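Colleague: Read in the UniProt record's numbering, the sequence shown has 68 at position 68, and its numbers run on one by one without any break.
Rather than coming from a laboratory, the hints here were simulated on the basis of the structure.
Some hints here could point you the wrong way.
[To be verified] Cβ pair distances, simulated, as ranges:
no., residue 1, residue 2, range
1, S106, D53, 57 to 67 Å
2, S171, E21, 42 to 52 Å
3, K148, S56, 40 to 50 Å
4, K160, N35, 35 to 45 Å
5, E102, M157, 31 to 41 Å
6, E137, D53, 36 to 46 Å
7, L189, T44, 19 to 29 Å
8, S123, I161, 16 to 26 Å
[Stated by the list, open to error] Straight-line alpha carbon distances no greater than 27 Å define the calculated DSSO-like cross-link-like pairs of lysine-lysine that follow:
no., residue 1, residue 2
9, K99, K170
10, K148, K112
11, K7, K26
12, K34, K214
13, K148, K214
Just so we're clear, the structure is a prediction, and the values are computed from it rather than from any experiment.
Glycine included, each C-beta is placed from N, C-alpha and C at the ideal position.
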Amino acid sequence: MNMNNSKILKQLYDKFFVNEENQSDKTTITIYPKNSDGSINLDTGIKLKNSTDCNSWRLFEAQRDKEYELGTFNTKYLGLVALYIAVKGKFERIDVNEKTKEELRSIEGDLKKGQTILQNNLSKRYFSLNKDNEEKEGSINVYEEGGKYYIYYLSLMGEKIWITKARPMKSALVVTYNYGSMLEEFDRLIKISLSNLSVSLEEEEHLKRIYIGK
1 MNMNNSKILK
11 QLYDKFFVNE
21 ENQSDKTTIT
31 IYPKNSDGSI
41 NLDTGIKLKN
51 STDCNSWRLF
61 EAQRDKEYEL
71 GTFNTKYLGL
81 VALYIAVKGK
91 FERIDVNEKT
101 KEELRSIEGD
111 LKKGQTILQN
121 NLSKRYFSLN
131 KDNEEKEGSI
141 NVYEEGGKYY
151 IYYLSLMGEK
161 IWITKARPMK
171 SALVVTYNYG
181 SMLEEFDRLI
191 KISLSNLSVS
201 LEEEEHLKRI
211 YIGK
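From just these sequences and the hints, can you work out the full model?
Modeller: Encoded structure:
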């Protein structure tokens, strides 16, 4: 069962500062994280805006007095899902295994060992240590060139989104684990949010990029 509008906002109200402004011609929902003492952290926020003369809902990242558009959505529900996904990706740390990261950092030039560690802690669908230039869509892809490792997300539409370049092997494996874990968490969140809603592949990939910050 997918969440309705009120359930999405309730989940955000439970953990974040939420400000809803409803004027005659526009609606703005702004989310800010809270500091450890419960006060509002105003450094960075996420905003969702709609005007009555426009059916679209626009999502922004707000940094003090500047706003950067993250996307436009054609229904309020999809806009709220985007808001929810953006807040989760920006302000919450996913639960990754620190021991796994330490194991990856301890590897000395053994990529196969790194692959084994990743396979034991992350579904193979979310990463690919490329061999013979093979790529896997919907995954974090890694390839080596000149002793350095290059990492990108290959969308289900075949678009290459760079994560980082020219990393040493240990660092590249940790990055792969972190971003692969984010893809796994995104799929969990999106199944809850969109299970009964018809969403195009393009829209879902857009939400995924918002979540991973790329």
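Colleague: Return the numbers of the hints above that this structure violates; sort them in rising order.
Modeller: Result: no hint breaks.
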